[in-house]
Structures are given as C-alpha cells and as structure tokens.
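Quick mapping for you: the protein sequence lines, in order, are chains S and F. When the letters of the first sequence are read in order and numbered with my numbering, they come out as residues 1 to 240. When the letters of the second sequence are read in order and numbered with my numbering, they come out as residues 1 to 115.
If you are wondering where the hints come from, they were derived from the structure by calculation, not from laboratory data. Be aware that a few hints might be false.
Claimed, not checked - Under the rule of at most 30 Å between Cα atoms (straight-line distance), these lysine-lysine pairs were calculated in the BS3-like manner:
#1 Lys-206(S) to Lys-101(F)
#2 Lys-46(F) to Lys-25(S)
#3 Lys-147(S) to Lys-160(S)
#4 Lys-68(S) to Lys-133(S)
#5 Lys-14(F) to Lys-103(F)
#6 Lys-210(S) to Lys-25(F)
#7 Lys-46(F) to Lys-14(F)
#8 Lys-147(S) to Lys-130(S)
#9 Lys-20(S) to Lys-53(S)
#10 Lys-101(F) to Lys-14(F)
#11 Lys-25(S) to Lys-33(F)
#12 Lys-14(F) to Lys-210(S)
#13 Lys-107(F) to Lys-210(S)
#14 Lys-45(S) to Lys-68(S)
#15 Lys-112(F) to Lys-14(F)
#16 Lys-145(S) to Lys-33(F)
#17 Lys-133(S) to Lys-206(S)
#18 Lys-33(F) to Lys-204(S)
#19 Lys-25(S) to Lys-45(S)
#20 Lys-210(S) to Lys-20(S)
#21 Lys-53(S) to Lys-14(F)
#22 Lys-101(F) to Lys-210(S)
#23 Lys-107(F) to Lys-206(S)
#24 Lys-160(S) to Lys-33(F)
#25 Lys-25(S) to Lys-103(F)
#26 Lys-210(S) to Lys-53(S)
#27 Lys-14(F) to Lys-14(S)
#28 Lys-20(S) to Lys-112(F)
#29 Lys-112(F) to Lys-14(S)
Said to hold, decoys possible - Chain F is faced by these chain S residues, among others (derived, beta-carbon under 10 Å):
#30 Phe-26
#31 Ser-180
#32 Val-181
#33 Leu-202
Since this is a predicted model, take the numbers as computed values, not measurements. Glycine included, every Cβ here is placed at the ideal spot set by N, Cα and C.
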Amino acid sequence: MYVNTSVECETLPKNERIEKLGIYKFVGYTSVAINLEYSNTKNYKSILHEIQKNTTLCVYGKVLLYPKTIDTLKKILNSLQIHTDQLIAVHSTDKEILTFSANDSRVDIISIPRILDLMHITPGIISLVKSNKKFLEISLNDIVKTKIHERSRLFHELSKFLQLIGNNTHILLHGGSEDSVYQIRGPFEIVTIFNAIFDVPLNKSKLIVKSNPEQLIRMLNERSGIQYKQFGVRAIPWSE
Amino acid sequence: MHLQRQRYLLFEYKLFAPFSPITEKDIVRTIWKTLTTLFGDYTAYKTGLWMIEFDPLCNYGILRCNNITKERVMASLAFIQEINNSPIVFHTISTTGTIKKAKEIQKQYFEKHRK
Chain S
1 MYVNTSVECE
11 TLPKNERIEK
21 LGIYKFVGYT
31 SVAINLEYSN
41 TKNYKSILHE
51 IQKNTTLCVY
61 GKVLLYPKTI
71 DTLKKILNSL
81 QIHTDQLIAV
91 HSTDKEILTF
101 SANDSRVDII
111 SIPRILDLMH
121 ITPGIISLVK
131 SNKKFLEISL
141 NDIVKTKIHE
151 RSRLFHELSK
161 FLQLIGNNTH
171 ILLHGGSEDS
181 VYQIRGPFEI
191 VTIFNAIFDV
201 PLNKSKLIVK
211 SNPEQLIRML
221 NERSGIQYKQ
231 FGVRAIPWSE
Chain F
1 MHLQRQRYLL
11 FEYKLFAPFS
21 PITEKDIVRT
31 IWKTLTTLFG
41 DYTAYKTGLW
51 MIEFDPLCNY
61 GILRCNNITK
71 ERVMASLAFI
81 QEINNSPIVF
91 HTISTTGTIK
101 KAKEIQKQYF
111 EKHRK
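Start from the sequences, fold in the hints, and give me the full structure.
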C-alpha cells in the first residue's frame, strides 16, 4: 500500500480537489496525508471528513508548521497537544528549530520539500532524528518540474544529501508536495528515479516510498487508538 | 557481460488536454528525447527501446526495452511533463518478461480499474 505523506489540497476548490485526488489514485496511491495549515480555531477532523467524502483514498491529516522562532514553535506545540490523531510536521531552515523539533516527542516529521533547503540538514540533526524515531520528509517535485539546466544542480544537492544519509534510509520519507496535478508522479516512478539516478538500491528506495510512510501511518493509528483500521479500508458513517 | 533479456513495460497515461490527440510517434519521440537528456546517447541506444503496442483511445501502450536499462526507461517516463504542449502524466502499470503476459495484465487491469 502506498501513502503520499504530503498532499496540498486543503485550500483548493472542490472540483480541483476531486481531480487532484483522482490523479493520486490513478498513479497508484492508496492513502494520502493532507497538509493542514495550523490555526487555533480550526476543526481538523471536520476538514478531513469533508475531503474524505469526495474520494475513495484513505485520508489522514498532517498539521504543517512554519515556525520563525523556537518560542513560537513551543507555543504552537503546546496548543496542538489535543490533536493526537493528526501528524505534526515542522518545516524550517533554521538549525536551532530543526534541532529542537528533532528532539521534541510531539513532532513526527521534519519536512524539507525544497531540495535546495536540504543543505541545512546537518549530520547532527540526522542522528537526532534517527535516535528519536522520527522521519525526514523530502520531495522530488522540484526535480520533476524544473528544466534541464537547473535540474543538474538539484541532482547534485540531493545526491549529496543521500550520501549524508548513508545507510539510515529508514528515517527518510517521500512526500509529494505537488503544486499542480501535472507534477504528480506515482510511487513506481519515484522508486525508479531513486534507483536509476541516485543509485539508491531498490530495496532502500522501496523503503523510502512504501515501508516508511506505512510505518508512520501505523504509528499514528496506534497513537489515536484506531488499531482496527487497515490500509485501503474506509470507515463509512451511518448517514451514508 | 550480463545476459540481456527483453522486458515489456505496460504503461498508461492521462492527458490533461484531451482534445489535442497525440500519436505513437509523438510519445516515442518524447521518450527518446528525455532518455538522451537524462542519461545520454550511449544509454539511450543501449535500451533498445521499441513501442510494441499503442492505443490512443484507451490511453495505454507497451514498450520494449532490456532488463538492464528498464529502470532508466521508467525514470525517463516520469520526467515527461508535456507532449505537444499538452500536460501529461504517465503511470507504469507493470513490467513483464513476455508480450503475452503484458497483454494479460493489461486486460485484467482495465477490467478492474476502468469499468
């Protein structure tokens, strides 16, 4: 079962959202984690329920935080403690924030969707992520959408990062973060890109695309007490 | 030297401008172009790429390549963004060792997913 851990469709109009989720299904995903912008007043469950109505994919929530300082991150994390049934991801290029979030038990994912931001990840952060059993989320979207001459630089940056990761591929996740429907690529294709271009062995690239997201969702289900819910199974409310 | 075996790639595609039809030639030309820009002329000739079957009505096709460069062909399919200025998304359904098996999988897949 394939899970895309970073889908941006919260703010899209209904028709576009249905089209986008349809493409995710077309390319082979079975579950998606929707990026939700943080807000004090938001009811994440109702938003996810609304999205789930339009698709047969399994929908999960991921609250994406963009903190500017550590203090703001601490405040947000304190207010988010009630929402245990959503994944919590932090996106930042600040080294202190990244180190703090790698240490904090409330954060599940450190998200780096832009490849040029990968240079801010240090070996120390990687080892913290590894020891605290969190995940680093990267995306190949930049590579797919850029033209030839810019692409080679991105290849260089990503291959440097993958060398830094080395054997710790069990902490890596691939989340799409696609802006438009044309940039969506299936899990098969992502595995082959990792294998053919970055020389990551097939078993490890499958780990990044398939096993690690599955493990993350399993972790979320255990935390929120939904142990009976399996991949591909959708809970249907009584009203339907 | 590795023994080269033939592999058949079953793929489908989704065109986002359905009223601008694309032909087999367009697809093959674009795949060759992407292969050469990504991996160079040497790998492109080593793939032994050939379009076995193409159906523009059902939006699927079968490509032949060899087992060594199979991943590269699949990766280059992923890098194609548009053909004739209309955006396109490719999806590799499966790879097989015989045409017969590829056609069987295609039938089963279409029965299941395109009722």
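Right, here's what the structure says about each hint:
no., hint, in the structure
1, Lys-206(S) to Lys-101(F), "24 Å, holds"
2, Lys-46(F) to Lys-25(S), "33 Å, violated"
3, Lys-147(S) to Lys-160(S), "20 Å, holds"
4, Lys-68(S) to Lys-133(S), "24 Å, holds"
5, Lys-14(F) to Lys-103(F), "20 Å, holds"
6, Lys-210(S) to Lys-25(F), "34 Å, violated"
7, Lys-46(F) to Lys-14(F), "28 Å, holds"
8, Lys-147(S) to Lys-130(S), "34 Å, violated"
9, Lys-20(S) to Lys-53(S), "14 Å, holds"
10, Lys-101(F) to Lys-14(F), "23 Å, holds"
11, Lys-25(S) to Lys-33(F), "28 Å, holds"
12, Lys-14(F) to Lys-210(S), "23 Å, holds"
13, Lys-107(F) to Lys-210(S), "26 Å, holds"
14, Lys-45(S) to Lys-68(S), "26 Å, holds"
15, Lys-112(F) to Lys-14(F), "17 Å, holds"
16, Lys-145(S) to Lys-33(F), "16 Å, holds"
17, Lys-133(S) to Lys-206(S), "19 Å, holds"
18, Lys-33(F) to Lys-204(S), "29 Å, holds"
19, Lys-25(S) to Lys-45(S), "22 Å, holds"
20, Lys-210(S) to Lys-20(S), "20 Å, holds"
21, Lys-53(S) to Lys-14(F), "24 Å, holds"
22, Lys-101(F) to Lys-210(S), "25 Å, holds"
23, Lys-107(F) to Lys-206(S), "27 Å, holds"
24, Lys-160(S) to Lys-33(F), "27 Å, holds"
25, Lys-25(S) to Lys-103(F), "22 Å, holds"
26, Lys-210(S) to Lys-53(S), "25 Å, holds"
27, Lys-14(F) to Lys-14(S), "20 Å, holds"
28, Lys-20(S) to Lys-112(F), "21 Å, holds"
29, Lys-112(F) to Lys-14(S), "27 Å, holds"
30, Phe-26, "6 Å, holds"
31, Ser-180, "8 Å, holds"
32, Val-181, "7 Å, holds"
33, Leu-202, "8 Å, holds"
Consistency note: the structure conflicts with the earlier hints numbered 2, 6 and 8.
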